[in-house]
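These are the residues of each chain, in order.
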Amino acid sequence: MPWQSAAQPQQPRSAATVPVGESVRLAALQAAWKRDRQVSRRRLWWRWTVWGARRYVLPAAAGLALSAGLWFAAKASMGWIDGPTPTEPAIATATALATASTVPTTTANQVVPVAPLPSITVVMPSGMALAFEAGLPDPTVRLNRSAQTPVSSAALSDVAKIPNPQLISENWLHSKEP
Amino acid sequence: MSQNPTSTRLVPAERLSAITSLIAEGAVFEGNFHTTRDQGIKVDGLLKGNITFETGGTLHVGATGVVENTRLEADYVFIEGKVTGTVIARKALEITGSATLLGDASYDELIDMHPRARVRGKIEYRGDIDAVQN
Numbered sequence: 001m002p003w004q005s006a007a008q009p010q011q012p013r014s015a016a017t018v019p020v021g022e023s024v025r026l027a028a029l030q031a032a033w034k035r036d037r038q039v040s041r042r043r044l045w046w047r048w049t050v051w052g053a054r055r056y057v058l059p060a061a062a063g064l065a066l067s068a069g070l071w072f073a074a075k076a077s078m079g080w081i082d083g084p085t086p087t088e089p090a091i092a093t094a095t096a097l098a099t100a101s102t103v104p105t106t107t108a109n110q111v112v113p114v115a116p117l118p119s120i121t122v123v124m125p126s127g128m129a130l131a132f133e134a135g136l137p138d139p140t141v142r143l144n145r146s147a148q149t150p151v152s153s154a155a156l157s158d159v160a161k162i163p164n165p166q167l168i169s170e171n172w173l174h175s176k177e178p
Numbered sequence: 001m002s003q004n005p006t007s008t009r010l011v012p013a014e015r016l017s018a019i020t021s022l023i024a025e026g027a028v029f030e031g032n033f034h035t036t037r038d039q040g041i042k043v044d045g046l047l048k049g050n051i052t053f054e055t056g057g058t059l060h061v062g063a064t065g066v067v068e069n070t071r072l073e074a075d076y077v078f079i080e081g082k083v084t085g086t087v088i089a090r091k092a093l094e095i096t097g098s099a100t101l102l103g104d105a106s107y108d109e110l111i112d113m114h115p116r117a118r119v120r121g122k123i124e125y126r127g128d129i130d131a132v133q134n
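Chains as they are written, first to last, in my numbering: chain A, 1 to 178; chain B, 1 to 134.
Bound-form chain A, shown alone (with noise of 0.2 Å):
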């Protein structure tokens, strides 16, 4: 009969089972120590590193955004942001120009490739025009002034085109002035 199968009488719980207090506070204490050394290991690696961003981490932090900063600014005063000065790379390209130009591109036997040049692209920012200054003689009469040294006629044809540019005053605020 199935509930006749079911009904087998329960082994006694031995004493062996049981443990003993020695054992239980010796697996506990081991317990314990190897928890403590996890959890002070953790803390005092915590500790350490606290320490070690505050002394070093944070300073050099500080200094480096202190520097990036200053040099962004600098960079920034001094118009390198947008781009380079157009007037600078322009001349130093026209001067590289001349001297490729001058150089001979053949040796003794032998040619030398001459890649092809960029063209060159001269863009003034915006809002930024060239402009005489009101006090300033004509540039033709100073050029004559000062020629000590013979000038070639088309030098001076050059100069003579020209033309005389309308001078705007620049301090007309001041006019307004009683």
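Hints are computed from structural coordinates only; laboratory data are not their basis.
Just so it is clear, the structure is predicted and the values come from calculations on it, not from any experiment.
Note that the Cβ used here is the ideal one computed from N, Cα and C, for glycine as well.
One or more hints might be untrue.
What the hints assert, rightly or not - Just the calculated beta-carbon pair ranges, DEER-fashion:
{"hint": "1", "chain 1": "B", "residue 1": "Ile-129", "chain 2": "A", "residue 2": "Thr-17", "range": "45 to 51 Å"}
{"hint": "2", "chain 1": "B", "residue 1": "Asn-4", "chain 2": "A", "residue 2": "Ala-61", "range": "47 to 53 Å"}
{"hint": "3", "chain 1": "A", "residue 1": "Ala-61", "chain 2": "B", "residue 2": "Lys-122", "range": "32 to 38 Å"}
{"hint": "4", "chain 1": "B", "residue 1": "Thr-84", "chain 2": "A", "residue 2": "Arg-41", "range": "21 to 27 Å"}
{"hint": "5", "chain 1": "B", "residue 1": "His-34", "chain 2": "A", "residue 2": "Pro-59", "range": "49 to 55 Å"}
{"hint": "6", "chain 1": "B", "residue 1": "Ser-7", "chain 2": "A", "residue 2": "Phe-72", "range": "49 to 55 Å"}
{"hint": "7", "chain 1": "B", "residue 1": "Ala-13", "chain 2": "A", "residue 2": "Ala-61", "range": "39 to 45 Å"}
With the hints as your guide, set chain B onto chain A.
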């Protein structure tokens, strides 16, 4: 498998192995612990009360142990956790780098304190200052 207790510098390992009483982690004990025998107690939980060993005695505050508003007196005191109160070590006092002691501590013979230990209180040597030194 037997494990060694936490590495110590002053408190002998056999003293830590001879701990007889344990307040486990997560347990809260409120009251005083007092004995005249040379026994030991390890606190891994929270203890609110005094611990006094009249003779001998080893007190080990584990890394997870917290002892509040208390007066601890034993021959060997080994602190890894947080103690708020007065500590009296008749022989050796050892404060590890994970320990926090808020209160005064006094010792008669030896002291060892980790540089990363957090102590806010007075440390007093109770021995004879004018004794002949070697």
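In rising order, the numbers of the hints this structure does not comply with: Going through the list in order, the structure violates hints 1, 2 and respects the others.
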